[in-house]
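Number of protein chains: 2
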Amino acid sequence: MTMDMTFLGTGSAYPSPHRGASALVLRTDGDCWLFDCGEGTQTQLMKSQLRAGRITKVFISHLHGDHLFGLPGLLCTVSLNTNPDPQSQQNQPCLDIYGPRGLRHFLRVTLGLTGSQLLFPYAVHELEPTPDQSPEEGQLSPEMTAEHGSLHPQEQLGRTISLDVSSDCYRLFEDKKFVVSAFRLFHRVPSFGFCIQEHDRPGRLKTEVLKELGVKPGPLYGRLKAGESVTLDSGRVVLPSEVLEEDIPGRKVCIFGDCSSVLGDGPLRLCSGADVLVHEATLGNEHREKAVDHGHSTPEMAAAVARSCGAQRLVLYHFSQRYKPCTLQKEGDEDDVSELKRQAEDALQDTGTQVTLAEDFLTLSIPLKKKR
Amino acid sequence: MTMDMTFLGTGSAYPSPHRGASALVLRTDGDCWLFDCGEGTQTQLMKSQLRAGRITKVFISHLHGDHLFGLPGLLCTVSLNTNPDPQSQQNQPCLDIYGPRGLRHFLRVTLGLTGSQLLFPYAVHELEPTPDQSPEEGQLSPEMTAEHGSLHPQEQLGRTISLDVSSDCYRLFEDKKFVVSAFRLFHRVPSFGFCIQEHDRPGRLKTEVLKELGVKPGPLYGRLKAGESVTLDSGRVVLPSEVLEEDIPGRKVCIFGDCSSVLGDGPLRLCSGADVLVHEATLGNEHREKAVDHGHSTPEMAAAVARSCGAQRLVLYHFSQRYKPCTLQKEGDEDDVSELKRQAEDALQDTGTQVTLAEDFLTLSIPLKKKR
Ligand SMILES: [Zn+2]
Ligand SMILES: [Zn+2]
Ligand SMILES: [Zn+2]
Ligand SMILES: [Zn+2]
Numbered sequence: 020m021t022m023d024m025t026f027l028g029t030g031s032a033y034p035s036p037h038r039g040a041s042a043l044v045l046r047t048d049g050d051c052w053l054f055d056c057g058e059g060t061q062t063q064l065m066k067s068q069l070r071a072g073r074i075t076k077v078f079i080s081h082l083h084g085d086h087l088f089g090l091p092g093l094l095c096t097v098s099l100n101t102n103p104d105p106q107s108q109q110n111q112p113c114l115d116i117y118g119p120r121g122l123r124h125f126l127r128v129t130l131g132l133t134g135s136q137l138l139f140p141y142a143v144h145e146l147e148p149t150p151d152q153s154p155e156e157g158q159l160s161p162e163m164t165a166e167h168g169s170l171h172p173q174e175q176l177g178r179t180i181s182l183d184v185s186s187d188c189y190r191l192f193e194d195k196k197f198v199v200s201a202f203r204l205f206h207r208v209p210s211f212g213f214c215i216q217e218h219d220r221p222g223r224l225k226t227e228v229l230k231e232l233g234v235k236p237g238p239l240y241g242r243l244k245a246g247e248s249v250t251l252d253s254g255r256v257v258l259p260s261e262v263l264e265e266d267i268p269g270r271k272v273c274i275f276g277d278c279s280s281v282l283g284d285g286p287l288r289l290c291s292g293a294d295v296l297v298h299e300a301t302l303g304n305e306h307r308e309k310a311v312d313h314g315h316s317t318p319e320m321a322a323a324v325a326r327s328c329g330a331q332r333l334v335l336y337h338f339s340q341r342y343k344p345c346t347l348q349k350e351g352d353e354d355d356v357s358e359l360k361r362q363a364e365d366a367l368q369d370t371g372t373q374v375t376l377a378e379d380f381l382t383l384s385i386p387l388k389k390k391r
Numbered sequence: 020m021t022m023d024m025t026f027l028g029t030g031s032a033y034p035s036p037h038r039g040a041s042a043l044v045l046r047t048d049g050d051c052w053l054f055d056c057g058e059g060t061q062t063q064l065m066k067s068q069l070r071a072g073r074i075t076k077v078f079i080s081h082l083h084g085d086h087l088f089g090l091p092g093l094l095c096t097v098s099l100n101t102n103p104d105p106q107s108q109q110n111q112p113c114l115d116i117y118g119p120r121g122l123r124h125f126l127r128v129t130l131g132l133t134g135s136q137l138l139f140p141y142a143v144h145e146l147e148p149t150p151d152q153s154p155e156e157g158q159l160s161p162e163m164t165a166e167h168g169s170l171h172p173q174e175q176l177g178r179t180i181s182l183d184v185s186s187d188c189y190r191l192f193e194d195k196k197f198v199v200s201a202f203r204l205f206h207r208v209p210s211f212g213f214c215i216q217e218h219d220r221p222g223r224l225k226t227e228v229l230k231e232l233g234v235k236p237g238p239l240y241g242r243l244k245a246g247e248s249v250t251l252d253s254g255r256v257v258l259p260s261e262v263l264e265e266d267i268p269g270r271k272v273c274i275f276g277d278c279s280s281v282l283g284d285g286p287l288r289l290c291s292g293a294d295v296l297v298h299e300a301t302l303g304n305e306h307r308e309k310a311v312d313h314g315h316s317t318p319e320m321a322a323a324v325a326r327s328c329g330a331q332r333l334v335l336y337h338f339s340q341r342y343k344p345c346t347l348q349k350e351g352d353e354d355d356v357s358e359l360k361r362q363a364e365d366a367l368q369d370t371g372t373q374v375t376l377a378e379d380f381l382t383l384s385i386p387l388k389k390k391r
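Going down the list, the sequences are from chains A and B.
Heads up, the first sequence is in the numbering used here, so the first residue is 20 and it goes up one at a time.
Heads up, the second sequence is in the numbering used here, so the first residue is 20 and it goes up one at a time.
For the record, the hints were derived by calculation from the structure and aren't laboratory data.
A portion of the hints provided could be inaccurate.
DSS-like mimics (lysine-lysine), calculated; alpha carbons at most 27 Å apart, straight line [claimed, not checked]:
#1 B:LYS360 x B:LYS349
#2 A:LYS66 x B:LYS349
#3 A:LYS66 x B:LYS66
#4 B:LYS66 x A:LYS349
If you only want the chain A side, here are some residues facing chain B, beta carbon under 7 Å, derived [said to hold, decoys possible]:
#5 LYS66
#6 LEU82
#7 PRO268
#8 GLY269
Just so it is clear, CB atoms sit at the ideal spot from N, CA and C, and this is done for glycine as well.
My request is simple: use the sequences and hints to build the entire structure.
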């Protein structure tokens, strides 16, 4: 299964002509999952190779506008691209949207007041933050998130997901390919990271061994691969472990929302051994105090997280708009985004962790893992 | 006083890489008024010569997302560009925002849930639509617009403005330079147009006549120009009408929101003699039925409005995204935006009305009027 990640916006605070606001797409075999949706994400999508209509799930890390203001418009435009045939409309799958408490009310009001009818159903599954995820002024009062009135006509009631205290994480869902969890971060408002863990897959059949045992290609192969033992005509019982190479471990992708630190021990445990760890680096190390004041991280702080997790690759994004993209960088410019990469590399030089600087429209492929 | 208008977005339904969603700025001596604010308007502003921080008033024609979804983000970004010095913060003027009922709740929820603090106060002045401005399903229930909870911390309570039945319009405000009114349009949701009427100004002093009368340049000139009679040492009374050329009539700019027709007789009376009349033309004449079905106009319909008003200039905008900008038009492309211009011109050929096709970033200057 191919798996890649495309950054649609890598700027912090607001979209600019040279850096979109936060948004990235994780794509697996044509299934697109959108992580954050700042203003202008739909236009960035149009500029990219991806298609908005392919988005099947949305994840919002936190309710700051630079991660959220593009969502109502994106839903409307996806709907415009949906087949209006009532027959096909009934078969439209529900778009699942995951994000912090308050997101359901946000969408209900923005879609409702603008008279936005969608040609597909959606559900918002809300993560219940804990009070220590932000300073007190960043917490939403129950009054603010109270869901007055009725559901949006296309809304299906989503789940409310609380922290699983034993694992210190939020269990979002499991499907045939992945287990997806969320974990807590500290920011000016409650923020979350997401961990996408691919299932392990059975190793390849050892065809040489099968040949020696006299097992012919066909249904028996499938049964062995599916983990069943098989009895040959000779009476010999063949165990899957004899003829299968080791399991191919699933890939793990971890996408952090804005934060100045992780919260609890769940995040690092969950993200341990990540193939790709995407972390914000809003400002350079020299602005650490300002970054932390605003609930943000520096490359050094992001590197410390990647080190604790033993991540294969650290991808930096969510840069202050003062950092121009490399391609627009001019000699003598004070703020150089490639300096952020160097800072993270310096902090990781005794590890094998690769550092990548995200830019708008960068696509990063996430190759299958080698055997353990 | 210089006066010009810059189109930041001329596309309908959603923003695309070649046409932004609806937004235009009317600028007079550095004062910028924003009309509509589709998603991505702040980025379009950054690409233009204008500065977001100069916006002093905002007008929203109707609550469709392609006219509104950029507003919360724009306010946040304007705030980021505001001097955070508490002293200067106290002196920040209130940003006045005008738009249909429901806008106050929209901003309160979007700014509130995203924890968006602004460094300036704002007030939303809501226009109360009448039930005949849209089909019943386009009307907001009182439940939808009920303003639960407290004001946003930076919100000042705005006015609620009802239709003035005798003039069939909404009186928004009058300042030193302008009288601004709104009028009713028919669309899928209640929509409004705005009429910006500049005050007439006294004509120039006839210096030849003054010289003959023996009036010397000085304070007497000022009093005459201000409309006062003046008694000379000789006892001769000089009337302003003797020494002033005719009043210079103020300019009139009319900006229509989405519509398939005007409502009542207010709009045409109010817009009579407009120097510039900005009207949507979503689809060509050949798609009239579809346009009207969706509450939109064709060039011919826009031309009919301009004709009824005796407008000097009709500016078309809000084009379906199927129409590429002229600069991207390729030979053989089916939908040609310049055909929309021809259709309006055909319908106006026996009048003196000029037709202009708006494009993103077009700036149109609105020259002082000649004498009547
Ligand atoms: Zn952010
Ligand atoms: Zn944030
Ligand atoms: Zn529109
Ligand atoms: Zn509309």
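Results of checking the hints against the structure:
no. : hint                : verdict
1   : B:LYS360 x B:LYS349 : 17 Å, holds
2   : A:LYS66 x B:LYS349  : 19 Å, holds
3   : A:LYS66 x B:LYS66   : 17 Å, holds
4   : B:LYS66 x A:LYS349  : 19 Å, holds
5   : LYS66               : 5 Å, holds
6   : LEU82               : 5 Å, holds
7   : PRO268              : 39 Å, violated
8   : GLY269              : 35 Å, violated
Of the hints listed earlier, those the structure fails to meet are numbers 7, 8, in rising order.
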